[in-house]
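Counting from 359, one number per residue, gives the positions in the sequence shown under my numbering.
Calculated directly from the structure, the hints in this document are not laboratory data. Among the hints, a few may not be true.
Below, computed lysine-lysine pairings styled on BS3-like, alpha-carbon distance capped at 30 Å [as the list claims (entries may be wrong)]: (1) 942 to 1013; (2) 810 to 842; (3) 890 to 983; (4) 983 to 537.
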Amino acid sequence: MVDSISRITSALDSARVLTLEAAAVVSSKLGETSYTNYSQGITPEQLRTLLNSRNSREIKDGMRRIVDIMSSSDEVIDIESYFADVVKNIISDDVKIKILVCIYLLRFAEKHPNLALLSINSLQKTLSDGDPDVRALSIKALSDIRIPSLYPIVLHTLKKSVTDSSAIVRNEVSFALLKLYVSKNEDMEDDIIQILQELLADADPMVISSAILVMKECFPNRHDWLHGHYRYYCKMITVLDPWAASYLIDLLLVYCKTYLPRPIVVDASETSDTQKSMELPERCNEIQFPVYDVINDVDLTLFLNSLEKLTSTSHPAIILAASNAFFQLATPMQFKKSRFPEVLIRVCALSSNVGVLNILYQSILLYSSVDSTLFLPYVKKFFILPSNDVAIACLKLKIISTLVNESNVRTIVEELKYYVSSAPHPDIAITAANALATCAELSSGWESNIMKWFIFHMENSKLSTTLLSSYINVIRVLAQENPKRHLAHIMKLSGILEHRNTLADSARAALVWLFGELASIERRICPDILRKLIPTFAFEGPETRSHILLLAAKLVSYSAVDFDGPSSESPSDLKNSRIYEMYKAVSYLAEFDEDFDIRDRARSLSSLFDSDKFEIAALLLQAPKPTPRMDTSYLPSDKNGISYQTNISSLEIDKAIQNYHRFIPWNNGIGSTDEDIRNPTTLKDYTRFKKSFSSETYMKNDPSRSASSIPDSPIVSQSSVTMPQQKKNYRLQSLDEFFMDVPSVTTRKSGRKIVIQESSDEGDSEDDSDDSDYSGDSEDEEGSDDSDDSNDSNDSNDSNDGESLENSDMTKGSYKGKDNNDMNNSTGTSGTSDNTVEETENIHSSIG
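Build the full structure now, drawing on both the sequences and the hints.
See the structure below:
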């Protein structure tokens, strides 16, 4: 009794342990927290046991623990000591285990190159696996192991895999080439180029996408490789990977500029006899015709038409690349008709990524500064929204300033005034003020209106020092062009200069400079302003002190002109005047200034005035100055610059954006040749290799692995797509390969067969007394040997009759007519025959 109880107790304990372990495994599949608790409880000894287990589930748990330690930098377990235990699991049939082992190899292969090479043989064996994902994983793992002695093996593997029937494998070959190229091994460059050119001639969009990425990264200047693929790539842009499509557009843009003739602009306002024409100029505003037509090369038209098909996409990289292509290859009229300006605005409205919006709006600012008519119909789309970032809001305001004209200036000015007075961030208010200055340049009426509004806003609002300084700079710019017209408004600024001592140094210096420019117009107020500034000279900023010295010198130079006139008493009276005495006071203070620039300037001016060289001083101080412009005003530059030679230094656009939109000059040395260098080359459609039983079914069940996404094009359908004939190699399949897919067997529709069972007279006579409903089945009856023999003979007759009826395609009626005598022998037999006929008809109808 005791023994039985102890055995039961032991069994219960064992069951409890097994249950806890099973619960841990189940919880690992149900929740991340439960699995974390389970994995953290694995000891180093248990981890080694799991890695050396024969159970794939236990190996997977061990590898997950290894990767968990790698990602968390947990130093409790030295996972590097498990290198041999991990690497040997590369031969596992579980794909997930292979992936985890490859991740581990990528981390520690360089530290253990000798042990890592032990896994190379196993990885190479998987290159012949039936699953393309496993083959691609092997290529990725081999190329990720950064051991220089392994590079020749990897290159040999890529040469064999470049003709793999799966696009996934060939796609991985492209990225493996990139890794080999990064290794900077010059001995392999020729082989890499050969393999890459084969990938560029592939017919699968996935492979072409990866090959273009590699070409853009490794060989961006080898545009001659695109000769035979140009027309095919133009038709393939819509089905490529989005990033690959954007890179391809950039490559084709440079290709068109290099190998295609420049478009011809024809005057459409004259008749055909007197039409004038010119090549597309470098600057879009140099087109001399008000109405014109453009004659493009056939291949250039093909490229531009293929880009227009991308207007329905929402990927920012594609839209930006296509817009840049139209910006550089086409006229502004063609750019508008392509609808890419509208698409750019749509993508900006849909995107919420600040980085993407920043790039898009900077590009729009660049385009609109060159030709404002591109985005003129969408000016309200650039009004600031409450959700806009500060940088995005400032870019929108700069774009608005480029779109101002007489038709929309009233709406824009009212909107900008609102931004200036109620902007939540100072940068937005400053940018809006600069945009208002651009609006003031349209006419003198708007200039007076905006300046009056600025001064009123400054006097009646408590503005920060930064905002007040920016407003003063705007007023200074507006007043400099015609100071006499704004004299009344400028005089109000003297009170701000006198009472606002907290102004920034740059703002006070701008006001002092502005009054110095007014010295030639109004000399009654400027000396009084100088008199008030002398006592505070030592407390001003360096920039303000410098401009006070210039103000005093300007007043002396203008006074010298009056003393040299016919009504002057004597030249010596100038040095005794009150203005000269104020200048001497300022000069004396400046000669001891801590800023060496102010000291040197004071000494140079004093040397001119002390030697009575007033004419030279007048040339220096009274020289006319160019009209300043705000940051939002743009002038074309005469130097070779970026994007139609537009001066965009004041746009504050990122250097990367400027380089991306850098204007590419046309190649004027293209000659007319009879040979078509863009004649389509032979495409390599490796899907034709997939002709075996299992591979056809596999590709049919998984459309993503086939090249069915290749659009129908003349290049593919022509005879240029040639492949070597494949020999029919047959081999025995394993059970796993045989049951991997179920072949789709077409069932031939057969004719309807009618089978009627009959029994002999002897059998019927013996069965009438026993069971009238039983259809005379001789196999279940217990009769004599004679009756058995009789039944066997009847069965053989029936089968012969059935075969003869099937072969002669007799109908049901004739079949019944032939055996009518046999069917009337017993009523039970007749009833059973009718039931059998109906059942057989139902079965055949369902099969047919």
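Violations among the numbered hints, reported as their numbers in ascending order: 1, 4
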